[in-house]
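Student: Chains as they are written, first to last, in the numbering used here: chain A, 173 to 657; chain B, 428 to 925.
Derived by calculation from the structure, the hints in this document are not laboratory data. A few of these clues could be false.
[Said to hold, decoys possible] Heads up, simulated DSS-like pairs for lysine-lysine below, C-alpha to C-alpha not over 27 Å straight-line:
id	chain 1	residue 1	chain 2	residue 2
1	A	LYS624	A	LYS547
2	A	LYS253	B	LYS781
3	A	LYS253	B	LYS805
4	A	LYS396	A	LYS289
5	B	LYS429	A	LYS249
6	B	LYS805	A	LYS249
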Amino acid sequence: MKATYEAVVGIECHVELKTRTKMFCGCANAFGSEPNTNVCPVCLALPGALPVPNGVAIEQTVRAGLAFGARIPAYSKFDRKNYFYPDMPKNYQISQYDMPLVQGGEVRYWLEDGTMKRCPLVRIHLEEDTGKSTHAGSGDGRIAGSLYSLVDFNRAGVPLMECVSEPALHSAADAVAYLASLRRTLMELGVSDVKMEEGSLRCDANVSVRLAGEAALGTKTEIKNMNSFRSVQRAIESEVDRQISLLERGERVVQETRGWDEANGVTHPMRSKEQAHDYRYFPDPDLVPLEIAGDDVERLRVGLPELPWERFERYTRAFGLGSKQATQLIDTPSLARYFDRVVNASSNPQQSANFVLGELSRLANDSGVAVADSKAEPEGVAELIVLVEARTVNSKIAKELLERMWRNGGSPKAIVEDEGLAQTNDADEIENLVEGVIAAHASVVADYRAGKSNVIGFLIGQAMKASRSKADPQLVSELMKKRLR
Amino acid sequence: MKLVDRSAFDVARDVNARRLSAREVTDAALAQADAVDGQVGAYLRVEYDLARAAAARVDARIASGERLALAGVPLAVKDNMCVIGTRTTCASRILEHWTAPYTATAVQRMLDAGCIPIGKANLDEFAMGSSCENSALGVTRNPYDLSRVPGGSSGGSAAAVAAREAAIGMGSDTGGSIREPGAFCNLVGFKPTYGRVSRYGLIAFASSLDQIGPLTRTVRDAAMAYDVMSGHDPMDSTSLPRAVEPASRALPTDLRGLRVGIVREFDLQALAPAMRTIYERAYAELESLGAALVDVSLPTVDYGVATYYLIAPAECSANLARFDGVRYGLRVDAADVGTMYEQTRAQGFGPEVKRRVLIGTYALSSGYYDAYYVRAQKARTLAAKDFAVAFGACDIIASPATSCPPFTLGAKSDPYSMYLMDYYTIPMSLAGVPALSVPCGWVREAQADLPLGLQLAAPHFAEPLLLGAAHAYEQATGYSARVSPAAAGSATGIEEPA
Ligand SMILES: [Zn+2]
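Could you put the whole structure together from the sequences, leaning on the hints where they help?
Tutor: Next up, the structure:
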């Protein structure tokens, strides 16, 4: 019975920080440049070159730690992690072993239904990224059987933050929700692009299963090669199923690294390079120990923005938005900030959410311009909401106004006044319109009276048109029906 | 006095005064190298074009009214320091054909101050050794006795200065690699406080110990070189962001009021009688200059060599990992990348380098790390504490620089006896304090007069005090004045202009 098993998942994320320069040299930290153009003696590990740490990367890592409520030790240091690989020019990676910049903390995340959960963190540390190898001639892009290999060192030395969770997630859905919250937080902090497709967010999962209620952890496997949230979800589900099947058959889980095979939807053992690496960590003598001043930490703590889970609680509790709308807003920090300004001016959170996620997001999709970057000011949108609520303009006019504001900005109130677009609620005026339509479309009126009741839509449409869409559609409909009775 | 015999101080003074051109000094140094370096072997390569171009630039700057601290001073650069456009080999097969694309900060400062780079000097491969015999690319001999070693690892720089092929040699000292060749070649060999001179562009042996410094024929020259090459460098995180107090301005001629610590554990009875006599005399000379000799103790000093030979190899095992055949240097092609690494490193590194990489890899391995590396770090902390305590009772410390005079080539075949060569110099390296060796006399062995050095050490940042004491000693004793036979025997004979 599968129900008697519990999955235990821990997530390790590597996040490329969005700094101007690399971790230990002055080269540009940029994605997509010509190979080997963002390189220098330091990041190519030329003889005699020395690393100098990037203070911004250190600060960003500390900010991430503070956002997760972690402890920032007063002292930290960099260590060398030794292993040979052609895309690692020094054949050691500058990383952090036993004194990471950030210790503990927790990521608060929420499930689709809005349930808020917490996953504790072990640590966050800072290291440098490796270069990228391309193997030619082997067909599958692997090194085995290739004719030659090319290495691009543009990525070598890019600051990389490693964030390790406790094994405290108990389903694939939890793991993905955890990742989503982590990603939103780092985006909100502006420390990374966190794009899985560009490799600025990479993650591995440690997966084990145990009988429900058991305290001891089962044997874990490490899952790699997951390139999207969806593949994380599928890979964990598949691996949990595989482990449960093994145990059900009386077999044992082998501790190993497994790769996720997206096409076939299974994990399989990865060819291990060597058995149990001994990385021979030791303090990097080229770098002095880091002292993190309490004052600096306080300054960074005070400067933290509203964090995604805080925002979620505010949207769902104070604003009464549904979990789905709240999440959609929070997923794009600039959109959430825009929304907040609309609410601030309109005092109508629900309509603000409808406008921002509805018509404005549609315009953004069509134009490729983010809502926050459009000409439509949030205060203008709020004005429009007030006009709609007061039934000063109908929804059709509102839509037209929004499109105009998107392109040219401006105040909807002013446009409505200047162009006389206010909705007509005057019964006499509308009655005249109705009379006119009935007179002009005698045959349609006859059809209606003969029982073809659906033609009334045509007649109402004609009346609206005659009003240049300004008439209150509800009133037109009422009066038309009354007149035709 | 021949032009090549002149000190850096004299050369710079006269070039600045336009009594002498950098071109003349450079030609003399190059001619001296042509005449004597076949025998001495100080240089791996004499850089004729580079030197002449530098001389032309210096002369142009002087002509335009600039004054340069080291105008026209011929410089020997140890070949583990990058100089743009020159091969920089570390005397290793693995870098034999590598050309540096940038210049080390310390070298650049010397060139900017008017030095003329005459050539790249030999060394023990990757600065690992105490005799220069571990060079894979050439043999260097001691200018005072060509059958003997010049010391190491900065043996080429020392020999070049002793043979008058340069006025200043740039060396690097990890456990004694400037001070020991300084002593063996009758020179001043000066290792500043760790972090005083940028290591950027110095090809690392052991990063936490490596320090660049000068080898010169006078203390004043060493002080002038130190004033130029020292100071904070943003490219080296371990270089100290602390202002440097110039050392060459006021050099005293006596030692009145100075407390000189004589280290109890450095028992002169352990030395050969002829050497003991020299050092007893040296201490007496210090006293006669007004110094008060005080007894101090460095209780953990006997653990120095063992500590050093864990920390330095551990660091070098990682530092030398980059020499893998992938991006530069020697590559021995093979069917797969792992075999390429192995073949490249097997053929590229000499035996002493391999030995230290292996020792270091072992000391850092899981299961041994705590027993070796961590304990060595603790011992290093104790060594630093020893000095802090000792310097509470004295201003400088005096000791022998070496335990023997220069030995004949090939005489020390087992690595351990070679490691013990650094017995007197390693403790100062572990503590990071400034230290130097200054000529203190001669012992006669096998019909040759062999130079000995007195080591002086001072607290962190006390370079002016240290150099001042050495200057007073040198001026009073005059041992450094004797010209090496290899230099004196040269036929170049370019005399000082009238
Ligand atoms: Zn770079």
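Student: Run every hint past the structure and note whether it holds.
Tutor: Status of each hint after checking the structure:
{"no.": "1", "hint": "A/LYS624 to A/LYS547", "in the structure": "violated (46 Å)"}
{"no.": "2", "hint": "A/LYS253 to B/LYS781", "in the structure": "holds (20 Å)"}
{"no.": "3", "hint": "A/LYS253 to B/LYS805", "in the structure": "holds (21 Å)"}
{"no.": "4", "hint": "A/LYS396 to A/LYS289", "in the structure": "holds (25 Å)"}
{"no.": "5", "hint": "B/LYS429 to A/LYS249", "in the structure": "violated (54 Å)"}
{"no.": "6", "hint": "B/LYS805 to A/LYS249", "in the structure": "holds (17 Å)"}
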